[in-house]
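*Asks:* Chain residues, written in single-letter form:
2 protein chains.
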Amino acid sequence: MATAAPLRILGDWGTSNLRLWLVADDTVIDRRDGAGLAAMEPGESPASVFVDRVAQWTDAYGPLPALLCGMVGANIGWRQTPYAECPAGAADLAARLTRVEARSGPVAIVPGVACRSPIGGPDVMRGEETQLVGAAAMAGTDDNGEQLFCLPGTHSKWAAMAGGAIHRFQTVMTGELFAVLSRHSILLDRTPAEATVAGFDAGVARVRAAGAGALPALLFEVRSRRLREGMMMDEATGFLSGLLIGAELAGIAAGRADGAIGAVTIIGSPSLAQHYARALPHFGGEGKMIDGDAAVRAGLSLIAAQAMMEMSV
Amino acid sequence: MATAAPLRILGDWGTSNLRLWLVADDTVIDRRDGAGLAAMEPGESPASVFVDRVAQWTDAYGPLPALLCGMVGANIGWRQTPYAECPAGAADLAARLTRVEARSGPVAIVPGVACRSPIGGPDVMRGEETQLVGAAAMAGTDDNGEQLFCLPGTHSKWAAMAGGAIHRFQTVMTGELFAVLSRHSILLDRTPAEATVAGFDAGVARVRAAGAGALPALLFEVRSRRLREGMMMDEATGFLSGLLIGAELAGIAAGRADGAIGAVTIIGSPSLAQHYARALPHFGGEGKMIDGDAAVRAGLSLIAAQAMMEMSV
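Heads up: the protein sequence lines correspond to chains A and B, in order. In terms of this note's numbering, the first sequence opens at residue 1292 and continues consecutively. In terms of this note's numbering, the second sequence opens at residue 1292 and continues consecutively.
What the hints contain is simulated information worked out from the structure, not anything from laboratory work. It is possible that part of the hints are untrue.
Residues from chain A that face chain B, not an exhaustive set, calculated with beta carbons under 7 Å [said to hold, decoys possible]:
{"id": "1", "residue": "1331"}
{"id": "2", "residue": "1461"}
{"id": "3", "residue": "1465"}
{"id": "4", "residue": "1512"}
Each pair of labels, with its calculated beta carbon distance range [unchecked claim]:
{"id": "5", "chain 1": "A", "residue 1": "1338", "chain 2": "B", "residue 2": "1523", "range": "44 to 50 Å"}
{"id": "6", "chain 1": "B", "residue 1": "1437", "chain 2": "A", "residue 2": "1326", "range": "44 to 50 Å"}
{"id": "7", "chain 1": "A", "residue 1": "1317", "chain 2": "B", "residue 2": "1500", "range": "57 to 63 Å"}
{"id": "8", "chain 1": "B", "residue 1": "1488", "chain 2": "A", "residue 2": "1500", "range": "51 to 57 Å"}
We treat Cβ as the ideally placed atom computed from N, Cα and C, and that holds for glycine.
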C-alpha cells in the first residue's frame, strides 16, 4: 500500500455543526456528522470530542493528520488562531495554520480572515474563508477582474475574489436578525410559522420601494400589517424574511459602482440560496449556486494540498 | 361639598407599568403605581386588578369614573378598543371612548390611533396618542404648520401634529431592536454593560457616515470592533445604542423635505430623551424635552374634559 494516497481527515467544526470526512486525495472514504461546539458538555474538551469522533478511523488506520476549519479556531474552540489579512487564498491560509497535537494525530486549524470592509469597518470571518477558496476553485476566478461570492446565513458574507483569493468582504447580520426578531420580539408573537413565498416577495418589494434606510421602521409593519390588514402569521414570517434579505441586497447594491449587484455565486444550502436567487433580480443581481458542503470540502482539499509537505505523516 | 370639582381616576396602563392618579380637575389628590398587563397572574383579570388597586379611593369616596389609556385597550387588555384614524385630537379620542362598567364605577378606555405612515405602510399606536395630545397642549401647536414630536422607546413614535391633533406618525423599532440584540444575539455576548457616551457618539457618527441603509452590516461591527480593536463591553453597548438611534434619526431626516429633522419635541424619561437630544444635531435636528408622565396626565385631562358630560357621575 506504499503507493496509495495518504489518508487524512478534513473537518468543518462550527458553533452548530461538526462535519468530518476521511479522504484519500479527493476521494471521500467515510463521513461523520455531529453537533457543533455549542453542544459540548461540561467536562468535554474539543480535543477529547475530536479523538472520540475519529476513533473508528484511527483504530483502523493508526494516527491520521487532520485539517479543520471554522469556529474550532475561535476562543470558544480548540485553539484560538490568528486571522490572515486579505488578500488571502489557499496558500496564505496554508502558511498560517495553527498546529496542535492530539492522540489521533497532528491537527492543523485554518486561520480566520480579517479585512477592512467595503464600508470601512473591521470585519472578520472564520470558516467561510475555506468555503470561499473552495467555491472559487469550483467556479473558476479570473486573475484580473473581481468576482462576487455570497454566503447567506446567520452572518452573511459577501466577498470580492480574484485569482482564488479573498480580496475583501462584508458581513451582514441578516440571519441572526431574523432569528432574534422572530423568537424574541413582538413581531411574530414569538411563534414564527413557515414563511410563504408571497409574504417573502412582498417584503422584498417593500424594502426596495422604501429603501434599506427605512428598515427599522419597516420592521414594525410586520406587526401593523397583522393588526390592520389581517396578514396571517405565515405570510408575516415571509414578509420579515423578505424585508431583511431585501435590505441586505439593497445595501450590497448601494456599494457597487453602478448600483446593481450583477453576477454573484451563492454558496450554501439550496433552501436558503434559493431565497437569495429569487430576490437578487430586484437589485440588479443574478445568482448561480454552489453547494456549501462541496465548497468547504474543496477548500479544505486545496489548503491541505498547499500544506502537504507538513501535513504528511 | 356640592361645588367641589368632581373626583375621577386617570390612568395609563401599559404592558410594563400601571400609573393611576386620583384627580379633582387638574389637581392630583393621590397616586398609585403598579406592574403592567404583562405581570398579571393567572386568575386575575384587568377588571379585578383595577378594582383592587383603586379600592382605597372608592372605599373613601364611593364609585369613581375612570379614564384609562394604553395597552389596556389592546387584545391583551381589558377590552379591545377600535383605532381612531388620523387626524386625531383630544375631541376625536373622547368621541370614540370604549365604556365598561366595573364595581369601582364607569370606566372609559381611550382608543388607539391608526394612520398610513409617511413611508406608506399601515401604522398604529396605543397609549402614545394620549401623551401626544397632552404634550401638544403643553408645547402649544399651531393650527397652520405641523410640528414634530418624538416618543423614544421600545417602539419609537414620530408624529406630525397641528392644532393639537396627530396628523400622521411613523413607528421605528429602535428600543426593541436594542433589547433583543443586546440580550439574545452574539453582539454583546448576552451581557450588555452600562453604555459609555464615547461608544454612543461613535455609533451615531458611524451610521451617519455609512448611511442607515448599511445598518444590518454596521451591527456586525459591534462584534468585529471587540475582536479586532479591543472595544470594551461598555463601549460596545454604547456603540450599538448609537448605531440604532442614529439609524432612526437618519431615517426620519431622509423623510423630511430638506433632509434635516429640524425642531422636535421629545416626550419621555429624561435619561432616554437625553440620548436623542445628543444625537439630533448630527441629523439637522434640535430637541426640547417634555416629561412623559406630565404629558400623559395632561392628555388624559384633556380627553376627560372633552368627554365630561358622559364622564360625570
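*Asks:* All the hints need checking, so say for each whether the structure fits it.
*Replies:* Going through the hints against the structure:
1. 1331: violated (17 Å)
2. 1461: holds (6 Å)
3. 1465: Since the shortest Cβ distance to chain B is 6 Å, the answer is holds.
4. 1512: This interface hint holds because 4 Å falls under the 7 Å limit.
5. A:1338 - B:1523: 44 to 50 Å: violated (31 Å)
6. B:1437 - A:1326: 44 to 50 Å: violated (57 Å)
7. A:1317 - B:1500: 57 to 63 Å: Given a distance of about 46 Å, which is not inside 57 to 63 Å, the answer is violated.
8. B:1488 - A:1500: 51 to 57 Å: Between residue 1488 of chain B and residue 1500 of chain A, where Cβ atoms are some 37 Å apart, the hint is violated.
Hint compliance for this structure: hints 1, 5, 6, 7, 8 are not met, and every other hint is.
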